[in-house]
Structures are given as structure tokens and as C-alpha cells.
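Since the structure of chain S is already known, use the hints to place chains P and F on it.
If you want the building blocks of each chain, they are given just below.
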Amino acid sequence: MISKSFCKWVKTTCAPQFIDIIDWVTECVEESQIANGFAVVFSKHTTAAVKINENEPLLLDDMAAFLEKIFPRKHDYQHNNFEIRTVNMNEDESPNGHAHLQHLLLGTKRVFH
Amino acid sequence: MISKSFCKWVKTTCAPQFIDIIDWVTECVEESQIANGFAVVFSKHTTAAVKINENEPLLLDDMAAFLEKIFPRKHDYQHNNFEIRTVNMNEDESPNGHAHLQHLLLGTKRVFH
Amino acid sequence: MISKSFCKWVKTTCAPQFIDIIDWVTECVEESQIANGFAVVFSKHTTAAVKINENEPLLLDDMAAFLEKIFPRKHDYQHNNFEIRTVNMNEDESPNGHAHLQHLLLGTKRVFH
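Residue numbers (our numbering), protein chains in the order written: chain S, 3 to 115; chain P, 3 to 115; chain F, 3 to 115.
The following block holds chain S by itself, in its conformation from the complex:
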């Protein structure tokens, strides 16, 4: 069995943002010249999730509404309390507790055939 790795930078412009990467994944699979196997798609940031679902614009609106309802951006997350927090503090640290919790449910990667 052969294994090939590919890397892609994705820049988001708002949050949440749904970015369709199926064309890129298809290109990688073709370039790998592997006919039988599976692809692992993995995100290297813990606020960026990888999911498989239907890319229908109104459904994406439903998903965004759900994520905001379960984990509202404006909420009293301890992770956003920079007065008491000491771990992983950077100069440009942003209050992204909601994004980490959304990611907790959505997950880091997908495997597909």
C-alpha cells in the first residue's frame, strides 16, 4: 500500500465559515494515483473542523444558527477570561472559547473512501 500526503492553507474571512474542499481533495486523490484506499482529511487548528455534509446554502445557514445557539459567541467562557488565564496566552490572543467548544463537537478530521 502507498501513502501520500498533501497540505493546503485555508484562510477564513468570517466565523463560522464553511469552505468546500472537495475539489482539492479530489485533485489530491487523482495526483496520488491510488485507486483503492481511503483519504484522511485533517485540520491542524483546533478551531477549524472538517465535516462531510450536503453543501446546500440554506442548510449551511441552519448549521451556523445551531452552532451559535449551542455555543454563543457572547458567553461567559472561562477560556476568554484573560484576567485569570495564564496558559497559552499570546499577544494577539482572541476570545475564541465558542470556537473551541464548537470544534469539540464537530471534530478534527474525516476519513473517506
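Treat the hints loosely; a few may be bogus.
Unchecked claim - Below, computed lysine-lysine pairings styled on DSS-like, alpha-carbon distance capped at 25 Å:
| no. | chain 1 | residue 1 | chain 2 | residue 2 |
| --- | --- | --- | --- | --- |
| 1 | S | K10 | F | K71 |
| 2 | F | K111 | F | K46 |
| 3 | P | K71 | S | K76 |
| 4 | P | K6 | F | K71 |
| 5 | S | K53 | F | K46 |
| 6 | P | K13 | P | K111 |
| 7 | P | K13 | P | K46 |
| 8 | F | K71 | S | K46 |
| 9 | F | K46 | F | K10 |
| 10 | P | K53 | P | K10 |
| 11 | P | K76 | F | K71 |
| 12 | S | K53 | F | K111 |
| 13 | F | K6 | S | K111 |
| 14 | F | K46 | S | K111 |
| 15 | F | K46 | S | K76 |
| 16 | F | K53 | S | K46 |
| 17 | F | K111 | F | K53 |
| 18 | F | K10 | S | K111 |
| 19 | F | K53 | S | K53 |
| 20 | P | K111 | P | K6 |
| 21 | P | K111 | F | K76 |
| 22 | P | K53 | P | K6 |
| 23 | P | K46 | F | K111 |
| 24 | S | K6 | S | K111 |
| 25 | P | K111 | F | K6 |
| 26 | P | K53 | P | K13 |
Since the hints were derived computationally from the structure, they do not count as laboratory data.
The following block gives chains P and F in isolation, referenced to the frame of chain S:
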């Protein structure tokens, strides 16, 4: 390393429905004659999830109650608004916004040893 | 391609408990002497999930608060009703419906590069 693929059609009769596929997966693993490795179980429909959990009937009732509570079947999903929706519309399109959102959380596949 | 398997026992002392296993996973990867590939981290218990996220103490508090809010420990789970339940009943069965439902969302394993 050897890779083997198997395919199974599953027909649901209600929703949500929990279908135990462990016997089928076990048969596939035996048929593959692979002793050391992992199995990727993948669903090809974005309203059918694959999960690993305890197959205890009362727990499945709890799961169904939870899914209905978080994503009720009767809710104002944009994806179900066929008067404004234009993408992926089929003749027999059903109002399945709740199923797509449930799937968003549950996920498409499982990998196990 | 080469495949290597490793097993680790983890004992929890409270619930929910977040246990960082990255050092152990790193050791396994080094011991495997595989430079290009992916690691599958899999939990064999359906109340123990494997997730990738930021190990920041206040964020872990946020996660615990979220899990308790969505699936409170004290709730009328059918799975915990030992007067009517008959399947998978052990002598030391504990009322862990909340843990199974939390696991339903969090998932059993992670795959990463």
C-alpha cells in the same frame, strides 16, 4: 499492508433508527484475513451516521430523545423551505434539515481496531 | 506500508476527566519508526472519548460545564432505570447514561498525522 473494501446496503424503516452492523463488520474483517490493522466504516449518505456505543435498548431511547430535543423534526429549518431553496432540489425532496444537523454532530464514519 | 499497534491503560479518578495522552502518542510514533503516515487513537470503552483540542485548564472547565449542561448527570435517563432495564446489567452497573450520551457526541477515536 493489504487493503480490502466491502459495501452494504442498509434500508431504514423509521427515523431515527439504530441499526447494529457489528456482525457484518466482523464478517468483513474475517473475510479480509487481515489480523493486524484497522477497519474504516463509512456511510455514503449525509443523513446516515456511524457511531460506536452500547447497544442497550433503553440507551437507544435516550439517544433518540436527545436527538429530537436538540434537533426537533418540526422546526423552522431553512433547508426545509422549498419555496426559497434552489440548490439540490429533487422531485422527491423531503424536509430533512433535522437529519442533516443530527448528522453534523454524529459523523460519517468510525475507525476501529 | 508498516502498521504498529500500542495499548495503554488509563484510570480515571473523576468524571468528566480530561487526560492528555500526547506524550504517550508521540512515544508510540517514535517507537514505530514510521516517518510518513498517520496515527489512529482509539478508546475501547464507550464512555471514554478521544478528542483533539487545546489543553488550556480554563477551556477544560468550559468543556466540563458544557457537557454537564447538555447531558446533566442527574437526569431521567432510561438507561439508568435499573427497575425496567434487562440488557447488559452487571452487578456493579453504574447509572452512566449521561456518559454514554456525551460519548455519542464526542466520539471514540481520532486519526492524525
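Evaluated hints:
no.	hint	in the structure
1	S:K10 with F:K71	violated (36 Å)
2	F:K111 with F:K46	holds (9 Å)
3	P:K71 with S:K76	holds (23 Å)
4	P:K6 with F:K71	violated (42 Å)
5	S:K53 with F:K46	holds (24 Å)
6	P:K13 with P:K111	holds (17 Å)
7	P:K13 with P:K46	holds (13 Å)
8	F:K71 with S:K46	violated (28 Å)
9	F:K46 with F:K10	holds (10 Å)
10	P:K53 with P:K10	holds (16 Å)
11	P:K76 with F:K71	holds (23 Å)
12	S:K53 with F:K111	holds (15 Å)
13	F:K6 with S:K111	holds (21 Å)
14	F:K46 with S:K111	holds (20 Å)
15	F:K46 with S:K76	violated (37 Å)
16	F:K53 with S:K46	holds (13 Å)
17	F:K111 with F:K53	holds (7 Å)
18	F:K10 with S:K111	holds (23 Å)
19	F:K53 with S:K53	holds (15 Å)
20	P:K111 with P:K6	holds (16 Å)
21	P:K111 with F:K76	violated (30 Å)
22	P:K53 with P:K6	holds (21 Å)
23	P:K46 with F:K111	holds (20 Å)
24	S:K6 with S:K111	holds (16 Å)
25	P:K111 with F:K6	holds (22 Å)
26	P:K53 with P:K13	holds (17 Å)
Hints 1, 4, 8, 15, 21, counting from the list given before, are not met by this structure.
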